[in-house]
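If you're matching positions, the sequence shown starts at 1 in the numbering used here and goes up one per residue.
Read the hints as simulated data drawn from the structure, not as lab findings.
Errors might be hidden in some of the hints.
Unchecked claim - Distance condition first, Cα-Cα at most 30 Å in a straight line; then the derived DSS-like pairs of lysine-lysine:
#	residue 1	residue 2
1	K123	K7
2	K335	K381
3	K383	K39
4	K347	K381
5	K169	K517
6	K39	K517
7	K39	K79
8	K312	K39
9	K340	K381
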Amino acid sequence: MVDQACKAYLLKSVETDWNDRLGEASRERTDAFWSESLKADPDGSVAILSRELRRLLAALGPGRDLAPVGKSWLSDRGKRHLADLSRLHETMGRVLPDDLATIQSLLVADGTDAHRIVKVYRKIGFPSLSPWQEALLGKLATDAAVAGDPELETILAGSLIPAPAGKAKSALRHLQENLFRPGPSKVALDDSVTCLGVRDSLEAAEIAAGMIQKTLDDNSRLGTSEIGLLLPGDGSCEDAVREVFFRAGLPVSGLEGSPRLRNLGGEAVFLFLATRRRPAPAMALAALYSSPLMPWDPAIGNRLAMRIMDGKFDPEAPAEMPSEGRRMMDLLREKHEEPKSLTEALKTFGSLLTGSGTMARHIEAARAALDSLGAAIRRIKGKEVPWEELASLVPQDLVPSGAGLKLTREGVALFLEGEEPWRPVRILFVLGFSGGRFPAGPDRSPVFDPPDTAALNSDHGFALETPEEGMARRRGLFLRQLGAVGDRVVFLAPLRDAMGEDLAPSGTITFMSRLFKGIQAPEDLLLILERESHRSRVKGLAVAPPADPVVSGVLDIRDPDLKIDLLLDGSGKPRPLSASGFDTLMVSPLAWFLQREDIVPLRWAPEELDPMTKGTLAHEVFENLFRAGTPLPAAGMIKSAAGKLLNEAILRLAPFLTGTEWYVERRNLLNDVETAALRWRELLFRCGASILGVETSLTGEFEGVPIRGRTDLILSLPSGGIFVVDYKKSTSRSRRKCMEEGYDLQASLYRRMLRFGKVADGGVEALSRALKEGGEIGVLYYMMDDQRALTDTSGWIPRSVSGVQELGSEISRNGEVLVRERIRALRSGIIPLNRENDAETFEKIGVKTYALEDSPLVMRFAHPAPAEEDVE
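Using the sequences and the hints, build the whole thing.
Here it is in structure tokens:
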């Protein structure tokens, strides 16, 4: 109506700088109620302020300023919020949002300037209008100055709120007349009302399409246009309906727009902007390298992205990289943390993007986004870049595909939850019938609670819709939508969302359950299509014709036999294994083989402070605190140096942790490492231990297989004993269980290398001397999380030293037996596969089963678990 009025008065829609003024004014008011929220979430806070300010101004009407009054029932909180918003609007220069500013221009327009009359016919009170809209209707009525057409008024009155169309005495008619009424009577439930529980929104579209096809086949007198779909207003079901109904050959009337695609241009610009702020998120950098808009072949981009996700954050350009690609890689390596350099980088980035055919539109979208960013950067005052503000300017929403859309009025009618039904139908399918929909819940203002909203209306002259009024309006609309149905309504409630999380049905089903006999609870109404007993009760359900089951080939799980010695390299020499490689071999030979051939899938996920990263960082700190050939660090030195050493390790190994959002995790990790280091220092001091080696490289062999690795620490005791130390960033429970069960390998292999193998460059002098003297060698694990030490010795540690548990010399006996079996099989070319219950079996003996998760192939090709009698 506003558009038609503008055309009649030869006016253009008004465009104001509302958003810019609101952003600037909200930052100026440092003492307002939103100040702290603005610091934490600038975009979200400004969006809420915009919504609330628009709502208040629309409810106030033209010619009135937003201002407090003397006497009011507003709470103290409400008074402060209203005063702050009034000052905010004043700071904005009392500018109006575009829609209200356009109505304002119409209200002051001279009626004689109108080149045609706009006569509005409306039923009083329907629909509900704001004071601004009411004022515009009054303006148009005054300027029209013509009497209304009685026939048009009669038609309007009859069409706006028609009587329910359901057949008398049917369950549908009873639903239409009594859904939200208190104390309704009950009638028998029949096929005119059906509630189905479906898997998700996609299956809902498939079920609806199948039932429509079957209904049209069974009833030749029923037209496609006599069937309707009612969808949620948030667009969550539209893509599924568009795809499924297109494949089913069912036209849909009212489905606007073409299928939507990823906004590759917006994504590329957003990722480039995100990686300009250092440290660059690894996943964002990898996604940027793999963008189809980059000036290199997609295969090259994918390889570079995988290298980044593997921890190589600065990959080298391959030889076949074109010159534009090398320029782009140089650009991505540069820092652009000031407005001037960022502006130049954005220009260069846009000039290097490439794409033709279907990619051309994405290149245009990228350059449009870059132009917007350039304009925003030019308005920056100072040298600080407002990264979050700039990121919010980059559009990433799905974009139209540009595919032609066939418009028709004779297809299945599509209605939306928040809109009036635009034609009657005989059968209606309600999709997305889940919690918070049909009708949607009441709008809750985060600024004014319901009592304050009522006070604004009564004391301040606002016309705000209260939550109760809003719910009544939505229920009334839903009843009118149902009232347009003549024969049958089918509600389809998705049981899960797109992420597989459980969904509850719409709360309206509770009101529906009170209407029908034999329904004791809301869930009794819902027929779950996953259950065969429920499927048989659904009239008109499209079911695939019965067919004999096709028996797929049974996969015969056998240990692969490659007929070659799998422990040799390409030249026929034994390939060295690390101590951790022996652990993997013990748990899963297939995982070990996949790792050796470098065909384990890389994990593509955002960086996180996982146990492995924590352990790596903690090891770095310990390595630098406890040095060979130097006295133990004092407690004060540990407290003062741990933070610096941890920060250095983070910058080198996990730079993403330097972000402010990781502050709490950094502090917690520092506390953990500092506590563990102080306890470790105390334990070494009380044992009289001295450090012989740190990160000492060792080599040796086990069953003819070369071993190599680096020890975390090598200690000597006053008794002459030598400890091979392995730090573990975990608690002692599982490790102790593993040692007690005899399946510990890593430190035992280090001891074997130290005793029978070689130390790189002979090691430090003290270590060489201790080894020549033939001191006994033991294994010690220091568990950082509970500060306990576990050893394979007996009587080495004085009883007065707490926190140490000596478990004896048999900690690796069973693990070595199992590894010997694996080695014999691999030498013959056979890869022993796991069993389905291996995870549980290894867990019981304290062995970590990370190897079973390395690749989905490991457990996909696993032997069945042995029967219980076989285990016994």
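Give me the numbers of the hints this structure contradicts, sorted from smallest to largest.
-> Hints 6, 8 are the ones this structure does not satisfy, whereas the remaining hints hold.
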